[in-house]
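**Q** The lines below spell out each chain.
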Amino acid sequence: MKKLKEYLNRDISMAILFIFFLGICVIMLASFGTSMFNGQTLSSMAFQLSEVAVLAFGMALCMLQGGIDLSIVANANLSSLLAAMVLTGKFFDIQKAGNVVTILVAIIVTVIVSSLCGLMNGLIISKFSVSPIVTTLSTMTLFSGLAMGITGGNSIGGYPESFLKFGSGSVAGIPIVFITAVVVFIVLILALDRTKLGHEIHYIGENHTASRFAGIDNERVIMRIYTISGLMAGIASLMIMARANSARCGYGDSYQLQVIMISVLGGISPSGGKGRLYGVFIATFCMQLMQTAFTLWQFSPYSKKLIWGMMLLVIMLINMMQAKISRNAKIREMNAKRLENAK
Amino acid sequence: MINAKNIVEAEHICKSYVGVQALNDVSITIKEGEIKCLAGENGCGKSTFVKIIAGVEECTSGTIRINGKDCTKHSAKQAIDEGIQVIFQDLSLFQEMSVADNIAINKLIKEGKPLTNKKEIRKIAEDALKLIGVDIPLDASIQELSIANRQLIAICRALALDAKLLFMDEPTTALTKNEVDSLLDIVMGLKKRNIAVVFISHKLDEVMRIADSITVIRDGQKIGDFAAADMDAQKLAFYMTGREVAYQQYERKQEDHTKLLEVKNLSKAGNYKNVSLDVRKGDILGLTGLLGAGRTELALSIFGLNKPDSGEICMEGKPVKISCPQDAIDLGIGLVPEERAIQGLFLQKSINENVAAAILKRLTGFLGNIDQNKSRKLAKDAIEQFRIKVYNEETLINTLSGGNQQKALIARWAASHPKLFILDTPTVGIDIGSKSEIYEYIQKFAEAGIGVIIISDEVEEIVSNCNRVVVMFDGEVVKEYSEEEMQAPDIREQINALVESGKKAGKEAQS
Amino acid sequence: MKGLKKIDKTQRFLIAIIVVYCIIVAMRNPAFLSLTTLFNMVRSAAGTTILAMGVLVVMISGGIDVSFPAVAIFGGYASLRICMWCNIKSLFLAFLISIAIGILLGLINAVLINILKLEPFIITLATASVFFGVMTILIGTKNVGASDLPEQFRALSSAKVFTTVNQYGGKIGLSVFIIPVVLCVLLTYIILHKTLIGKGIFALGCNNEAARRAGFNVTLLRLFIYGYAGFLGGIMGIIYIAGTNSVNPVSLVGTEMSVIACVVIGGAKPSGGYGKIFGTLLGVILYFLFNQTLVYLGLSAAWQDFFMGIVLLISIMSTSYQNRVQNRKNFIYTE
Amino acid sequence: ADKDAEYTIALCAKTEGIAWFDDMRTGVDEFNADHEDVYSYEINPEGSDAAKQNAMLEDLIAQGVDAICCVPVDAQAVAETLQKARDKGIVVVTHEASDILDYVDYDLEAFDNDYFGTLYGQYLAEAMGGEGQYYAAVGGLGMTTHMQWFNSMVDYLKENYPDMELVNPDGIPGEDDNNEQTAYDLAVQAIAAYPDLKGLVDCAASSNGMALALEEQGRTDIKLVGLATPSQGGAYIKDGTQYRGLCWRPADAGYTACEIAYNILKGEEITSESSFTKEGYETVTVDGNLVIGNAPLVFDADNVDDYPF
Ligand SMILES: Nc1ncnc2c1ncn2[C@@H]1O[C@H](COP(=O)(O)OP(=O)(O)OP(=O)(O)O)[C@@H](O)[C@H]1O
Ligand SMILES: Nc1ncnc2c1ncn2[C@@H]1O[C@H](COP(=O)(O)OP(=O)(O)OP(=O)(O)O)[C@@H](O)[C@H]1O
Ligand SMILES: [Mg+2]
Ligand SMILES: [Mg+2]
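Chains as they are written, first to last, in the working numbering: chain A, 1 to 343; chain B, 1001 to 1511; chain C, 2001 to 2335; chain D, 3001 to 3309.
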C-alpha cells in the first residue's frame, strides 16, 4: 500500500498525463463517434506520429540530462538531404551500384551524419561549457544553413521504390515506420532503465556535481546523449524521406517546438533528472489525437497552438502543485512522528 | 544594560525542513547593545535561527517580535528596515558584480533611492573597507577574490550601514589572527554605540572574548542562556555536546607499515604549496587547520578533481596519475565530499540509487546492463550495516535526517571497497548520535586495514579519531604530529593553540 | 582611453570581425560604403535592436524569453486594428495601445514564472503559443496593405530625422526609427547602470537567493523585468509595421532565435548576471551586416545562415571557455 | 451546404494567415454556397511547413473526404500523400503544382506559367523602353512557379530585348522569403550596388517592399514589375511607384479547383470543351491532366481598385 503511494508520489505526473490522455479519447469519441478509432484513422495517425515520436525521444533524452536540443530538426534535414543525394545518384551511379547497396549507403550516411552533428553538440556543451540552449541554437543555424547552402533551397526527391516501401508500407495493417518507432522506444526504455549510461544520465540530470564526485564522467556521458539524440534525428529523417519521397531544408521546422512541448507534457522535468520515456510516448499520442481532431474540427493552426500552449501551462501547474503538496505532507508526517516520540 | 529594551523577541520558534527538524521550540530575546553568542555543534540550527529572524526563511510555527512589532511573517526587506543586518554563513555575495556594488547594495536598498550613482557607491565601499582597515580593489568582481577576502567583503557590507542588530554567522572562519582581532575590536566598538550583535563561531576563545551572554543550542533545541562570566570552554563544550566528550582515542594495530598513499611535495598555485604526507594501512590521518587552508583542494587533487601543478602522488609505492575521479576510484580511493547536499547526494533519488552511484561499473553486466537485484541487495546491506533509519531502500534520500544522509553517503563509498578513504568534514550538520556512530565506522574501516584521511575543523574529532595529525595553514603543512606526539596528554591544547595562532606559530613549530 | 579599457575581449573580437567584413564587402563593391547603406541598416535593424535590449535585460536577470515576437506582433497588430476601427489618427495613441498590451503580456510571463518556478524558456515557449493563438482568435491574421494602413503608420514609415535630396529628387535620409532605438538603448542603459532596479536585475542574475536576502523583492523585480521586455516588444510592434508599411501578422514569429543569437554573440551570459549593451549592439550590427550585404558580395542568399552559424559558434565558444577555466579554479564544474 | 452534404471537398493550401489564402477561402466558401450538394472548406497548416501539410492531408484521407484540392508548400513533398489519397479513391486536384502531374487527377494553373513569365518581361521592357539593367528576385529559390516565371521572363527578354541586362550575380534571382522587409532590403541594396539600374522584378507577392524602397528614394526612373495583391501593393500601383502588378485571383482559382473536383465526382469529363464559372476559366486548355485557364490579372493605376482582395 505505502509502496504504491510512494510510487504514485514519484510518478504522479504520469498518472495525471494518463488521465489527460483518456480524457481526450473520450471527448473525441463523443464528438466523432467510433469512426474516430477505426483502423483507417488509427493507422493514419500511426503514420504521422512515428517521426514526431522519434524526434521527441531524442529531445527527451537531452532534457533528462538537463539539456535541450534545438538543432534536432535541422540535423534531421541536413542528414536527410545528404542521404537524398545518395539515393538520387548525386555521388555515384545508382544503376551500377544497385538499389540495395544505394539504400544501405544512404542509411549509413544518414546515421553517420546525424550522429556526428549530435556529437558536435555534445562536444561544444561538455568541453566548452556552452549552455545547451545556446549551443544547439547556433548549431541549428549552422546545420540548416549548410543544408540551404548545399541545395539552394531546392528539394531533392524521387527515390527507389523499395526505399519508399519503408515509408508507406505496413505489416498486418501496422505501418512499418510506427513499428520502427516502437522498436526505438523499447530499446531506449531498456537503455534508460537497465544500462549504465541510462543510470548515469539520470544521475547527471539530478545533480551534475554529485555525479562528478561519484566518479561518473559527465562529459563523456553528455557527448553520448547528444550523439544519440542526433541519431534519433537521423532515424526520423529516414522516416520523413521515405514518407515524403523528398527532402528539403525547412521541412518539419514546426516539429521543433512541438517535440519540446511533447517532452514536457510527457513529464520530463526541464531541469533534468526526472521523467519517464513512456510518458513522452503517451504525450505523443495525445498530441496526435488532438492534431487530428483539430483538423477535423477545422481549427486554424493558431488556435491549435493556443490550446497546446495552455495544455503545457496547465500540466506544469499541476505538477508544481503536486510537488508542493507532497513536500508539505512529508513535513507534516515528520512532525507527527516527532510528537509521538516526544510522548 | 539591565533595563535595556528588547530588539528581538522570538518565541517558540520551530522550523522543519524535509527530513530535518532544524529548530524545535526555541525562544530567544536579544537586548539593545548586548553581544550574544549562539553556540552549538554543526547543524544544530544556528544559521536557521538567523535566517528566520532575518526574514529569509519562514518559521513553521512560533512568533517573532522586532522592536515590539509583530514580525512573524516578515520579509528580508522589513527586517533590514527594522535595522537588522546579517553576515550570512554562505556570504550571499554576487559573484559577477564588483566589490563596490556588493558592499554598497544593502545600504542602497535600505535608503531605497530609485537612482544610484557611481561616486556614492564607491564612497560607501571605501568607507566600509577603511572601517576594518583592508584595501581590496573596488572594481574587482567577487569571483576573482579568495575566500578570505570574500568574507571581509561580506563583513564590510553589513557594517556599511549602521544597524541596530547585527548577525554574524561564522564571520571569521577564513580570517587570519590579526584580521580576527580587528574584527572583534569593531564588534566591541559597536557595543559601545549600543548596537546589538549576535555572534556565531565555533572558535570558543573568540566567543569567550566578546560575549555578554551565550545561548546554547543542541539538535535544534535551546539548552539555555548563560552569562558569559560564569562560563568556560569546558562547560560550554559540555552543554553543546550534551556529555563529557571523551571518545576513546584510536590507536593503530596494523603490522605492515608499507605506505599506502604517499604525497610528495605537491603544489597547486592558489591552493597549496609543496605538501608532503603519507598514509599507511590502518592509519587515520587527521588534516586540520583554518578554513581556507587548502585541505579540500588537496583532497580534490588526490581524488582527481583538481590537477596539481607539480609534485607526485604514489599509491602503494607506484607513482600514479589521477586525472579524474574514475581513475581515483579504480585505484581504490573514496571521497566523502565537503558539501553533502551539493557534491554528495542525489536528493530526489532513492537510497538504493544513491548507494549504487559510485559502483555502477561493478554492477554492469556484460551487456552493459545494470544488475538491479545486486544493487538493491547492496543498499539493503548498507542500511543494515550503517543502521540507516529508513522505511526501505526505495525511500527518497531527501526524506532522511542529515545524519542518515551522511551515513548513506559513507555507505556508498564503503560499498566501493576503498583502500584509501578521504572524509572532508564528515560530521558537519550531524546530530551527536550519528556522529559517534560515524566515528565508530571510520575506526572499523581503519582496523580493517583501510587508510583514512579525515579533514576537520573540530580538534576533538581529530584527536579522538586520528593516530596522526597534519596541520595546514594557508596551503602549507606547518606541523605533523606523529603517533608518539599524539599520546601527549595536552595534545588537544597543543593543536588548538597551533591552529588558532595561525602562521607565526606554525613557522616556529617548524623550526 | 578609459573608454577603450571598458571594451572587453568579446567586444574587441566582434569589432574586429565587423571591420574586416566591411573591408571585404567594400572591396567587392565600393557602393557599399554609402550613406544609404548605413541609413538602410539603421532602418532595418531598428526593431531587432529594441527587442535585443529586452532580451539582454531578461538574460542578465538569469532568465530567457522566447515569447517577445508574439508579444510584439500582438501589440502592434492589435493597436493597428484598434486604430482602424476607431479611426484613431494619433501615432502616440497607437504606441500607447501597443505598449500597454506588451506590458500586460510581459507581466503574464513574469507571474507564470514566479508561480511555476520553472525554466523561463519552457514557460515563455508556452506563452508564446498562447499569446499568438489568442491574437489570431481575437483579431484574426488578415494582412493590411499600405493603402489601408492608417496614415500615422505611413507617416512614421517615411518620416526622416534629416534628409538629403538625391539627384532623383528622392529623399534618402535617416529614418525616425533611430529615435525610439536611441531612446530604448538609453533607457535600458539608465535602468541597468543608474538605478537600484538595475542593481537588482544583475543581483537576481548572479544569485537569486542572495538577492532575496539582500532585501530585493524578487517577485516585483521579475514583474518589472518581463514587463519591460513586453514594453519594448510593444514599441517594436509599431516600428515593425511601419517598417514594411504594411503588416503580415504571421511573418514576425520565428525570429526570436535570431534576436537571442545577437544578444549572446554580444557576450551576455545566458546563466545570468553579466551582459553588455554595447556588446549587444555589436551583435545586432554583425547579424545585419551578414544579412544585408549579399547583393554587394554577389552571393546567393543560400550560404548566409551557414556563416551566421559559424560566427555564432566561434564567439560563444570563445567566451564560454574562458568562464569554464575560471570556474574550474573555483571548483565550480560546468558541462 | 453543410457537413452532411453529398460531397465533401477539402482544400488544403500552403499556409494560414496570409492575404492570398484568405482570399482563396472566400472562393471556396462561395463555391460551398453555390452548391447544395457540396460541402467545401479550406484548411491550412501553419508557417508553410510541408510536414504539417502532409499531416493534414493524412487526416483528411483518414476522414474520407470525397475530394482534396491542394496548393502544395512543396509539391515533391506532398506527392506521395496525394497518391495515397487517390489510391483510396479520393479525387485530387492541385493548384500551382504542374511538376507532379503523375500523382494527381488534375492540376489547375490559372494560366500557362511560361506565358505569365513573359508578361513580366513585356511590361518591364515596355516600362524601361527596352534597354538597361534590371534586378530580379523570387520568393524562394525552391518555389517552382516563381522560378518558372523568372526563367521564361529572362529568356523572353534575352530574345526580344538584347539591350536589357540581368544584373543578378550568375543569373540567380535574389530571395525575399515572401517577406516585405527582405524585399525592401534587397531593393535598397540593388539600387546602391548597381548605380545605373533601371528595372526591378519581384516574382513574389511581397513586391510592395521593393516599391516602398523606390518611393522613399524617389527613384521614379527605376521601373518595378512584380506579383502583387491589390490589398498589399495597391497603393504603390495606384501612385505609379510600381509600374504593373501581376496576379491572378486566388478566390477564382480556389473556386475553380473545387469545381473541377466537383465535376469529376459527378463523373463529368474534363476536356478543353469544359467550361467553368469564373472569369478567366470559361475556356480552358487541357493537356493531359493539366488544366490551364487564362486568368492572369494585370493591375495598373486605373484598374487596381476594382479588385477586392
Ligand atoms: N535548505 C535546507 N533544506 C534541508 N535541510 C536544511 C536546509 N538548511 C539547513 N538544513 C538542515 O537544518 C539543520 C540546521 O542547519 P543550520 O545551517 O542551521 O546548522 P548550523 O548550526 O548553522 O550548522 P553550522 O555550524 O555548520 O553552520 C542541519 O541539519 C541542516 O542539514
Ligand atoms: N571558490 C573559491 N574561489 C577562490 N579561491 C578559493 C575558492 N575556494 C577556495 N579558495 C582558495 O583556496 C584555498 C583553500 O580554500 P578552502 O576553503 O577550500 O580550503 P579548505 O582547507 O578546504 O577549507 P575548509 O576545508 O575548511 O573548507 C584558500 O586559499 C582559498 O582562498
Ligand atoms: Mg551555520
Ligand atoms: Mg574544505
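Think of the hints as simulated: they come from the structure by calculation, not from any bench. Please note that a few of the clues may not be correct.
Covered stretches of chain A, going by a simulated chain C footprint (3 or more residues, C-beta under 8 Å) [said to hold, decoys possible]:
#1 17 to 25
#2 125 to 138
#3 172 to 184
#4 208 to 221
We put the beta carbon where it would ideally sit given N, CA and C, even for glycine.
**Q** A separate judgement is required for each hint: does it hold in the structure or not?
**A** Tested hints:
no.: 1; hint: 17 to 25; result: violated (count 0)
no.: 2; hint: 125 to 138; result: holds (count 11)
no.: 3; hint: 172 to 184; result: violated (count 0)
no.: 4; hint: 208 to 221; result: holds (count 5)
Checked against the numbered hints above, the structure breaks hints 1, 3 and satisfies the rest.
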